[in-house]
Amino acid sequence: MFGGPDDRDREFTEYYVARGSRLRATAYLLCGDWHQAEDLTQITFAKLYRNWRRIAHREVLDAYARKVLLRAFLDERRRPWRREHITGHDSPELDYAVDAVDVESRMVLRAALLALPARQRAVLVLRFWEDLPVQQVAELLGLATGTVKSLSARGLNRLRAALDTDDANQDRRLLEGLR
Amino acid sequence: MEAREMFHDLLSAPNPPMTPPAETLAAARRSQRAHRVRLGASGAVTAAAVVVATLAAVPAITGSPADDGAATEGLVAASPADSAVRVNDGSDLLDAVSSAIPSGYLLRVGDKAATVADVGSLRPGQGLEGVRLVQLEAKLYGSEQIDDLQISITDSTAAADPIRRTAAPPTGDLCARRPAPPGMSSQRTGSGPEDCRTVFVGDEPIRTHTERVPAGAGVGGTVSRCFFASRFGAGFEVSAQICPEPAAPRAGAESPMLTVEQLAAIAARPVPAG
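Residue numbers (the numbering used here), protein chains in the order written: chain R, -13 to 165; chain H, 14 to 287.
I should point out that these hints are in silico values taken from the structure, not numbers from a laboratory.
As the structure is a computational prediction, the values presented were derived from the model and not from experiment.
Any given hint could be a false lead.
Derived list of chain R stretches under chain H, where covered just means 3 residues or more per stretch with a C-beta under 8 Å from a C-beta of chain H [claimed, not checked]:
| hint | region |
| --- | --- |
| 1 | -4 to 4 |
| 2 | 10 to 23 |
| 3 | 92 to 105 |
| 4 | 108 to 122 |
Example chain R residues on the side facing chain H (calculated, C-beta under 7 Å, incomplete) [what the hints assert, rightly or not]:
| hint | residue |
| --- | --- |
| 5 | 7 |
| 6 | 140 |
| 7 | 142 |
Don't be surprised by glycine CBs; every beta carbon is placed ideally from N, CA and C.
All chains, full assembly: derive it from the sequences and hints.
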């Protein structure tokens, strides 16, 4: 067990400072919106707090947090009044200059990722961002390992195809601009 | 491009700052308190918590108590967002209340079921006149019992008179001590609020409590229970109260015909329009 009851708040805060940003990044990759990612992160940490004393070892905290986040993300997807809108615009205002090509590529990639079904997106994020093995991803999502592999391969192909198309479009515009 | 590289690229975009740790901790604490209240209210029921509104009732105009006054206790999860009734006046409030009452009861208001006396019109924040926006007093008839039912929508942001403002409890602490909303204090005295708990109608928390009151003059000191339910919205409060009628055929009835959960569902239904 962690420290006594009085230590819970301190330990919880320390964990949030250490891992909150990472968890929110995972949430963003899953849902594509920073504000929703923030909501999912807060939901996750609230549940962590309630179950803090039951978590036997710090080593399992990350795994537990990830599981709670994933569940919160998938549950939110089922709500009928929440529909995804791919606007292509990042909500936060830019406070520094960013290359227009970078912004456009990022928008294309984000749109392509969000166009994937939620579970396929979750597979990619868990495998290639969280670096989880196929078996663990399969257990988390309740899928067969073969399904995880095929979802991974197809999902990656779609993302690469979207970026390749974007590259080709940029090259064409560049050539047209030179004429 | 490798997948991880793609993800890093996505995450390199500007993003809003994280919620500060102190705020996250405070929110987690509030969530735990609310979670405990839900579990306490529902007993063995799961933390996904509970309750709600049932079959639509038929508003009353038959002139005699229903033959079958048995409460229908169907429990169906209702979403206030789906079933909220916009209320502009007493008629709307009557519609809202009658749609939330289980079938098998008769609701009678005044001499005629469709007549409702409005205390004031719905203009939040317009001073003393606008404090109690709309009120409904009705009789609920069952086969062997009649209950007094009172519903009001109160402006909780009355600008002219701060004393009359309802003191909405902070989020997650619906059972904090607070004064009764204006116009809702019963003429009967009782032993004070007890069994305060939060009942969830869909996702909407409703504060409920019970009070023991004398059952009426000449009934030999019998005490009956009244149920209260309050819902706190943005700038308004909906309060519902039900008590066995003292002079009813079965005088000395100990509890209202509706349950606390059914009363909470009634309180969850009306919403001030505009």
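Consistency of the hints with the structure:
no.	hint	result
1	-4 to 4	holds (count 4)
2	10 to 23	holds (count 6)
3	92 to 105	holds (count 4)
4	108 to 122	holds (count 5)
5	7	6 Å, holds
6	140	13 Å, violated
7	142	6 Å, holds
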